[in-house]
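**Student:** Using the sequences and the hints given, assemble the complete structure.
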Amino acid sequence: MTTLNEKQLKELRHMLKVEKEELKHHFELEGDADQKEMITDSIGELSAYDNHPADLGTETFERGRDMAVDDSLQNRLDEVNEALARMKEGTYGQCKVCGQPIGYERLQALPAALTCIEDASNMELNEERPVEEQVMTPPPAGAGANRQKNPGRFDNADAWKEVESYGSSGDTADTSPDIEPEEGLKPR
Numbered sequence: 002m003t004t005l006n007e008k009q010l011k012e013l014r015h016m017l018k019v020e021k022e023e024l025k026h027h028f029e030l031e032g033d034a035d036q037k038e039m040i041t042d043s044i045g046e047l048s049a050y051d052n053h054p055a056d057l058g059t060e061t062f063e064r065g066r067d068m069a070v071d072d073s074l075q076n077r078l079d080e081v082n083e084a085l086a087r088m089k090e091g092t093y094g095q096c097k098v099c100g101q102p103i104g105y106e107r108l109q110a111l112p113a114a115l116t117c118i119e120d121a122s123n124m125e126l127n128e129e130r131p132v133e134e135q136v137m138t139p140p141p142a143g144a145g146a147n148r149q150k151n152p153g154r155f156d157n158a159d160a161w162k163e164v165e166s167y168g169s170s171g172d173t174a175d176t177s178p179d180i181e182p183e184e185g186l187k188p189r
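Just so we're on the same page, my numbering is the position in the sequence shown counted from 1, plus 1.
Okay, derived cross-link-like pairs now, DSSO-like style, lysine-lysine, Cα gap no bigger than 27 angstroms in a straight line:
| no. | residue 1 | residue 2 |
| --- | --- | --- |
| 1 | K21 | K11 |
| 2 | K89 | K18 |
| 3 | K97 | K11 |
| 4 | K18 | K8 |
| 5 | K21 | K8 |
| 6 | K89 | K11 |
| 7 | K97 | K21 |
| 8 | K25 | K8 |
| 9 | K89 | K8 |
| 10 | K21 | K89 |
| 11 | K8 | K97 |
| 12 | K89 | K25 |
| 13 | K18 | K97 |
| 14 | K25 | K11 |
Simulated from the structure, these hints should not be mistaken for laboratory data.
Since this is a predicted model, take the numbers as computed values, not measurements.
**Tutor:** Dropping the structure here:
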């Protein structure tokens, strides 16, 4: 069902194999040893006990970032391997959603593409959204609308009107009105 000719398939297979070798080379250079060793070993400390927890913050961040990059590259390697397997099966270049041929230009840009451009744009909107959005309720109608309509309209005079009802330091209340003021002091 694919509309790709042999020359195009050969070019795309070559692109996938080159990408696969680059990804494998990354993992060969990286190795797994640095992620399996203790964090104290990787920074050259005997113990983290006598260090402030923030001292390990940078190392922890770097290790987490490296793990995220490796996960992303491993996912990409899996996609490339799946694309090569589809080539062997004869299903490469077919959209997994609608079954229509994927455009050659799209495959040149993304050789491991699983979907045509139309289905990919629909899927990206749904798949990339956080799961929490499925159970979240929308804000009440008009929430924040006044702030957007009248930005900066709440000035100092408005602020004083709002807080004036609470009184000020000059409005201290007399707690015992029966006591006479001391000599030399004026009553309020």
